[in-house]
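Novice: Residue-level listing of the chains:
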Amino acid sequence: MAESAASHATHGASRRDFLTLLAAAGGAVAAGTILWPVIDALNPDAESAAAAHLIVDVSDIAENTAKTVQWAGLPITIRKLSAADIAANQFVVTQDLPDPAGFNDRVNAGYPNFVVVVGLNTGTPCALEGDAPGDPRGDYNGWVSPCDGSEYDPLGRVRRGPAAKNLAIPRYNFLNAAQIKLG
Amino acid sequence: MTTHVKDSWMSTRLPCLGGICATYFQKNRAANAPYFAALPFLIAMAAAFLTLSGAVLAVYYNPWHAFDSVQFIDRNVNNGWLIRTYHATGTTMIFGVTYLYLFRSLLRRAYRAPGEFVWMLSVKLLAVLMLTGWLGYVLTGGAAGYWSLFNAANAALSMGGLPGAVGLWFFGGPAGGDTLARLEVFHALLAVALLLVVWLLHASRRAIAAPVASGKGVAFYPYYLAQYFAALAVFALVFVVLAFYAPHLGTSHMNQLPAESLAVPLGGGVPWYLAPAAGMLGVFPGSGLSIVAAIAAIVVLYALPWLDRSGRAGRCGKLYGFFTWVLALDVIGLGYAANSSSGAAPTLAGVFTAWYFFHFLVLTPVVTAMEAE
Chain A
9 MAESAASHAT HGASRRDFLT LLAAAGGAVA AGTILWPVID ALNPDAESAA AAHLIVDVSD
69 IAENTAKTVQ WAGLPITIRK LSAADIAANQ FVVTQDLPDP AGFNDRVNAG YPNFVVVVGL
129 NTGTPCALEG DAPGDPRGDY NGWVSPCDGS EYDPLGRVRR GPAAKNLAIP RYNFLNAAQI
189 KLG
Chain B
20 MTTHVKDSWM STRLPCLGGI CATYFQKNRA ANAPYFAALP FLIAMAAAFL TLSGAVLAVY
80 YNPWHAFDSV QFIDRNVNNG WLIRTYHATG TTMIFGVTYL YLFRSLLRRA YRAPGEFVWM
140 LSVKLLAVLM LTGWLGYVLT GGAAGYWSLF NAANAALSMG GLPGAVGLWF FGGPAGGDTL
200 ARLEVFHALL AVALLLVVWL LHASRRAIAA PVASGKGVAF YPYYLAQYFA ALAVFALVFV
260 VLAFYAPHLG TSHMNQLPAE SLAVPLGGGV PWYLAPAAGM LGVFPGSGLS IVAAIAAIVV
320 LYALPWLDRS GRAGRCGKLY GFFTWVLALD VIGLGYAANS SSGAAPTLAG VFTAWYFFHF
380 LVLTPVVTAM EAE
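Top line first, the protein sequences correspond to chains A and B. For the first sequence, the numbering used here puts the final residue at 191, and the numbers step up evenly by one. For the second sequence, the numbering used here puts the final residue at 392, and the numbers step up evenly by one.
No lab work stands behind these hints, which were simulated from the structure alone. Computed from a prediction, not measured in an experiment: that's the story for all the values here. Every residue gets a Cβ at the ideal spot worked out from N, C-alpha and C, and that includes glycine. There's no promise every hint is true.
Facing chain A, a subset of chain B residues (Cβ under 7 Å, in silico) [what the hints assert, rightly or not]:
#1 Leu71
#2 Val75
#3 Asn95
#4 Asn98
#5 Leu101
#6 Ile102
#7 His106
#8 Leu251
Whole structure, please, built from the sequences with the hints as guidance.
Specialist: Shown next as structure tokens:
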């Protein structure tokens with residue numbers, strides 16, 4: 009600005025430039041202040057936002073069992089793996105699986121003993137059995153579909169058809185060792 | 020900071036836009052327009068602002084649970100209370116500037132040739148604005164709005180022939196969620212119509228602007244742009260003061276209660292901007308006469324260019340100016356009478372209504388003819 013002010017024939021021109029800039033900046037701030045509430049109003053309200061980000065307590069899940077919660081209209085199944093489950097599934101040759109996926113693809117690296125999946129059979133859409141240790145769990149100690157007989161392992165990987173896809177993993181992250189935030 | 024339209028980046032790629040912009044750089048406007056000439060611009064700004072805030076309200080509004088959805092907007096939606104205040108105070112502002120604009124047109128006798136068409140568009144603007152405003156008042160689902168809709172819908176549906184058919188088409192039945200659902204759409208469509216009328220008003224005002232001697236004119240940019248922005252700043256200041264210190268100015272307490280189909284609210288509940296019209300309609304017994312009165316009140320406004328007998332060159336007399344001020348007080352009095360619960364209110368409304376028609380049908384021709392000599 010210094011050279012341009014010096015190069016102007018009069019001081020009036022630079023003063024006008026400055027005033028124009030000031031007026032435009034003030035107008036932009038005013039318009040932004042008026043418009044921001046209008047834009048923000050289209051963000052979800054606190055209640056919808058909370059419902060869209062369900063927080064689940066996982067501290068009460070015993071090893072080798074799962075609990076199912078409803079979120080976004082879907083049954084979300086959270087299973088706490090036992091040491092035996094991890095040992096049986098950690099080093100499976102993934103190429104031999106119907107839908108190859110490694111152990112680390114299925115669990116959160118910080119909390120490898122929790123599996124969070126959408127508890128819907130990927131073949132014939134159907135709720136799965138196998139949350140409690142006493143339920144039918146198939147040959148892989150995971151879940152079975154009562155509708156088409158598909159079998160899943162504790163990581164939610166499909167092991168026996170007709171289903172061809174692993175159980176879907178919802179958006180989630182661990183807030184701490186006891187809480188999962190979905191969405 | 021200079022702008023050369025002819026070789027700007029945009030005008031070489033979209034010449035049409037450049038052509039529109041070019042008119043704002045031509046030095047063809049008189050240099051001494053008063054600030055009040057910016058009123059149509061303020062009406063346009065208010066209409067755009069109402070469209071914007073109304074669009075947000077429409078996202079959350081539910082005609083089948085009208086009152087509850089308004090409460091939801093006020094309490095749960097982010098800044099929802101502010102958006103509602105924007106819309107309510109914006110309505111007050113657009114009616115304020117429109118009434119002021121019409122009053123100024125009357126006072127200056129701007130309706131005379133060649134301004135008849137501009138004047139007719141101004142009256143049309145008022146009519147569209149009032150219908151839109153009434154629909155918005157009804158959409159809130161408050162007790163007063165519900166009964167206003169109930170009476171209007173029953174009046175329309177009880178008429179025979181074409182008016183009844185139009186009423187049935189418009190309301191789709193008596194008051195209820197299904198009615199509000201369609202009125203919400205009409206409210207939005209009328210808002211678009213309002214923007215169109217404002218634009219036509221602007222265009223026709225430009226068309227009849229007196230030609231300026233070569234070399235004497237100024238361009239819209241920056242002279243009138245600066246003036247319009249100054250007017251807009253005052254407008255915005257008034258808006259902010261009203262929005263934050265008097266958000267419920269001139270609105271009905273009754274409309275703060277949910278609609279109740281078995282309880283008729285006591286007393287008037289009409290917002291200030293509809294009150295003069297409501298006062299006039301209340302004078303006439305029966306729905307048929309009320310509708311005739313509403314049409315007549317608009318028709319005398321339309322006919323004003325021909326009721327004024329002073330001719331194109333006639334000067335503006337003091338007596339006519341005086342009676343125009345009296346008319347303004349008369350309309351304000353009608354509004355007070357509409358929402359007053361005093362025993363004298365019906366009589367006063369009758370007198371004020373009679374004066375309104377007397378002003379246009381008798382005083383205007385006589386006084387203007389007298390003063391033109």
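Novice: Now look at each hint and say whether the structure bears it out.
Specialist: We went through each hint and held it up to the structure:
no., hint, in the structure
1, Leu71, "6 Å, holds"
2, Val75, "5 Å, holds"
3, Asn95, "4 Å, holds"
4, Asn98, "4 Å, holds"
5, Leu101, "5 Å, holds"
6, Ile102, "5 Å, holds"
7, His106, "10 Å, violated"
8, Leu251, "9 Å, violated"
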